[in-house]
Amino acid sequence: MYDCQKTRELIGLYLDNELEATSTQQTAAHLEQCASCRREFETIRSQNELLSRSIKNSTYDTQALRASIEAATIGRHRSHLPLWTLERTRAGAMAFVSAFVIVIAALLYLYGFIGASGANPLYRAAAENHRACIADYAAPDWVRSQTDIDELAASFLEQKARIPLMIGSDYRLTHARVCRLNGERFLHLIYETSDRREASLFVGRWSRDHLPAGERSISLDGHAIQLTLASDLHVTSTQIGNNLLIATAHGDGESTTILLSAIVQIPA
Amino acid sequence: MFRRLSRQQHLDFETHALVHLDALMRAAARLCGSREAAEDVVQETYLQAWKYWRTFQPGTNCRAWLFRILFNVIKKRSGEKNADVPLEESDYENILRFEPAGQIEECEVLEVFDHLTEDQRAVLLLVVVEEMSYKEAAVALGVPIGTVMSRLSRARVQLRRMLGRAHPRSIIKAVGAKY
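Chains as they are written, first to last, in my numbering: chain A, 9 to 276; chain B, 1049 to 1227.
FYI, nobody ran anything at the bench for these hints, they're computed from the structure. There could be a bad hint or two in this list.
What the hints assert, rightly or not - Listed below are the simulated DSSO-like cross-link pairs for lysine-lysine, each with C-alpha atoms no more than 27 Å apart in a straight line:
#	chain 1	residue 1	chain 2	residue 2
1	B	Lys-1123	B	Lys-1183
2	A	Lys-64	B	Lys-1124
3	B	Lys-1123	A	Lys-64
4	A	Lys-14	B	Lys-1183
5	B	Lys-1124	B	Lys-1183
6	B	Lys-1183	A	Lys-64
7	B	Lys-1123	B	Lys-1099
8	B	Lys-1124	B	Lys-1099
9	B	Lys-1099	B	Lys-1183
Said to hold, decoys possible - Beyond 10 Å from chain B on every Cβ pair, some chain A residues (computed):
#	residue
10	Ser-31
11	Trp-150
12	Val-151
13	Thr-155
14	Ser-163
15	Leu-181
16	His-183
17	Ser-202
We put the beta carbon where it would ideally sit given N, CA and C, even for glycine.
Make the full structure from the sequences, and use the hints.
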């Protein structure tokens, strides 16, 4: 049987069930006959129980958080469709726009792209515009050089802006022009991969009032979108009907925020 | 930019990873100090877990893996701010000076707990609250088991010292023990 010194060295491990059988028996035997060590044991055990109970009693409603996580991860699984993950884009690869800007992007995977009934009007307009533009590459109003795109963006945003040259690791900016979605003007940027998949980014000017600095949620066409911070990017996603919206935002001080939204339109 | 996961991998994510959301949230809230910050780090934890989900091996310890990601996220963020500076003796006195005499309430324990170092809080959360084995906690913390044991021992001593100074023997009363 252990003495008091040995027992007190092992009380923590004994409480945590981390002792081997022999040591457990010897510690228990000592505690059985030593009131002083038993008090020590009870003190630590009580402290553990109090701490555990205190923390477990602090319950949090995680329903909204769970929904947000599910939408960003397995949410798409429930549509029984090909599943995709938009990986977090590094801030360095993101555009920095010095004014308050909202960017709505339609990422339309070529084979999965069809119009969807009941889709959010803005999403549907973005999707239709994307489809139309893909078939209209030869139009004269497209600008294709980096310099021309920068100039067009600065003109559209009425200030100097850096437009993202890449989305993720494989979508590269190829051309841009100004278009209208639901009567509102947007800068339409098209990105292509080496295997000819296209993605559209629709950049629109947005009132600063729509997303005050520090605001954690935004509302886009009446749909609340929960934002969460992932390193220096806010990342969120939500599934609305058959549209999956993935949004990232970069907060820079008090006034500059970029929203980069990717809309994956899921065939009905 | 995109990657494709199998249907089974998605089911596994829900079955093995999302079930730990409440535990992660509970730990994050205590380590981050606010619900908002906790939600941020938990969501980032799951996004990172999702990103590397294809590397997850069924049968391995998903909970410890998730906690490890969580701690890394928190450490990265806290590193971007100020280092976690342990309190000095005088700080403990200042904390405890205003506590009423008598039985320790849960909120008081939490207040004292929140003043432990991040490492101490993390190991207590894992072993005492989540009832992880030392081995599992070691995986979650990314440290050897010996480090888990030493941190845990110091954390318990520190917690007891801080609680006991203001409320001698009252810890026991709080949980209804005989002594």
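So, going through the hints one by one against the coordinates:
Proposed proximity of B:Lys-1123 and B:Lys-1183 is supported: the alpha carbons are some 21 Å apart, at most 27 Å. The suggested pairing of A:Lys-64 with B:Lys-1124 holds, with an alpha-carbon distance near 26 Å, which does not exceed 27 Å. Distance restraint check for B:Lys-1123 and A:Lys-64: the Cα-Cα separation of roughly 23 Å lies within the 27 Å cut-off, and the hinted pair is therefore satisfied. A threshold of 27 Å between alpha carbons decides the hint, and for A:Lys-14 with B:Lys-1183 the separation of about 23 Å falls inside it, so the pair holds.
Proposed proximity of B:Lys-1124 and B:Lys-1183 is supported: the alpha carbons are some 24 Å apart, at most 27 Å. Under the criterion of a C-alpha separation no larger than 27 Å, the hint pairing B:Lys-1183 with A:Lys-64 is consistent with the structure, at around 22 Å. In summary, the hint linking B:Lys-1123 to B:Lys-1099 is supported, as the alpha carbons are separated by about 19 Å, within the 27 Å threshold. Among the hinted pairs, B:Lys-1124 with B:Lys-1099 is consistent with the structure: their alpha-carbon atoms are about 18 Å apart, no more than 27 Å.
Between B:Lys-1099 and B:Lys-1183 the CA atoms are separated by roughly 25 Å; this keeps the pair inside 27 Å, and the hint holds. With a least beta-carbon separation of about 14 Å from chain B, A:Ser-31 lies farther than 10 Å from that chain, consistent with its non-interface assignment. At the 10 Å boundary, the C-beta of A:Trp-150 stays outside the reach of chain B, the nearest C-beta of that chain being 23 Å off. Taking the minimum C-beta to C-beta distance to chain B, about 24 Å, the non-interface status of A:Val-151 holds against the 10 Å cut.
Listed as a non-interface residue, A:Thr-155 keeps its Cβ farther than 10 Å from every Cβ of chain B; the least gap is roughly 25 Å. Here A:Ser-163 stays apart from chain B, with its beta-carbon at least about 28 Å from theirs, past the 10 Å limit. With a minimum CB-CB distance of about 13 Å to chain B, A:Leu-181 clears the 10 Å threshold, and the non-interface call stands. For A:His-183, the shortest C-beta to C-beta distance to chain B comes to about 19 Å, beyond the 10 Å cut-off, and the non-interface label holds.
Taking the minimum C-beta to C-beta distance to chain B, about 12 Å, the non-interface status of A:Ser-202 holds against the 10 Å cut.
The structure fails none of the hints (numbered hints given earlier).
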